[in-house]
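Undergrad: One letter stands for each residue in the lines below.
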Amino acid sequence: MDNQKLNTKDLINIGIFSVLYFIMFFISGMLGYIPVFVVVLPLVLGVLGGIPFTLFLTKTGKFGAVTIMGILVSVLCFLVGQSWISIIFGVVFGFLADLIFKAGKYKSWKFTVIGYCVFTEWVIGSMLPMWIMRDVYFEAYRTQGGTEEYIGSVMNLTSGFMLPAVVVIGFIGGILGVYLGRAVLKKHFQKAGIV
Amino acid sequence: MNLRLDPRTKLLILTVFSIVMIDGDTAGVNVYLKPALSLLPFILLVLSGKNKAAFGYISAFLISWTGNLVLVPMVHGGLKICFSLVFQLGSRWFPSGVTGYYLITTTQISEFVAAMQKMHISEKFIIPFSVMFRFFPTVAEEAEAISRAMRMRGIGLQGAKKNPITLLEYRMVPLMMCVVGIGNDLSAAALTRGLGNMRERTSICRTGFQKPDILFAILVLSGLSVFIIF
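Heads up: the protein sequence lines correspond to chains A and B, in order. The first sequence: position 122 = 1447 (the working numbering), numbered continuously. The second sequence: position 225 = 260 (the working numbering), numbered continuously.
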């Protein structure tokens, strides 16, 4: 069979690692109840997701895998109540990351770092309503019984110039996560013969 | 009595719920719409013989719904944050969560796969998706076992204060080790059953829309249109 195509084993791996990655997303999303963490969510996600993601990449170094993962994770996000924008972001950033990994032939470390950083940015899709639908978003919070203190601090943290900052934060999180992932991979998984 | 819905109807219900219920607006028409919609999972659970889950769910929802409307405006400060957090969880995420629980516990995987094939979804999504279906409970079990083992060895939150990375390392690494192992077993099992064969699958599961499917689809869709229009 053609080795460049995704076979059943890869598809099963995609499912498994999407579950792991989604759990990491869920953990970092739960931290969002503390106002500061709303902004550093991409950082936390990048770091937490780094270990499963690097292992995932070494298990399935084929084109399409990351795109499918992006779609699956963002569809799940939609089903647990994020806005539909996150699906678009999941597809687009998953695909972009896939292209980058492909450019590095799934081996080059430099491309892996950049690709993972790009992939991490998909999470901005679920945060975007805070900026582009700002009034609606915070008005909804108010009617839901969100307290003024919480809304005030989140609004302060998410003023207009924070959007690029969040993108940068996502990149930093991605870099930290992917280096952590590589360290763990070297320390544990290679020794155990899993990779 | 055992009601069988097509998996696609269940998915439709879940999608509508994640649009309507998770939005936290309680004003206007929503005062009637949301409690009415939240009755659906209750009815579904009762009809599929899960009485315990059904009554647990409906009482939790009613408490948080009324709490949200009555209790939250009465208190202030820290108490308000606590109350609204708990009640929001109960009245917004819980209905969707229960619908998801209903979907997973009452649908066999092969039934689900057959339904997705009828929706003409590519094999490349069906396989990972059905794996995910099966995998959430497994990961939870494994994580629980690992956390017990770590506690026995005295690796808990105490050590994490000194070095938070160790917490991540001691939890994640064993989890991923066994998850990769399970993944290998699973793919071996799946390949022996011919999942790698790229021909069209056949299934003994009958999927198709029947009267109850149409009824529930109309119910949730009208709920959705009321939500969007008003």
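Simulated from the structure, these hints should not be mistaken for lab results. On a predicted model such as this, the values are computed, not experimentally measured, just so you know. Please note that a few of the clues may not be correct.
[Said to hold, decoys possible] Lysine to aspartate or glutamate pairs mimicking EDC-like chemistry, simulated, CA-CA at most 16 Å apart:
(1) A:Lys1511 with B:Glu204
(2) A:Lys1512 with B:Glu177
(3) A:Lys1334 with B:Glu204
(4) B:Lys153 with B:Glu204
(5) A:Lys1330 with B:Glu158
(6) B:Lys159 with B:Asp220
(7) A:Lys1334 with B:Asp220
Undergrad: Tell me the numbers of any earlier hints that the structure contravenes, in ascending order.
TA: 2, 3, 4 and 6
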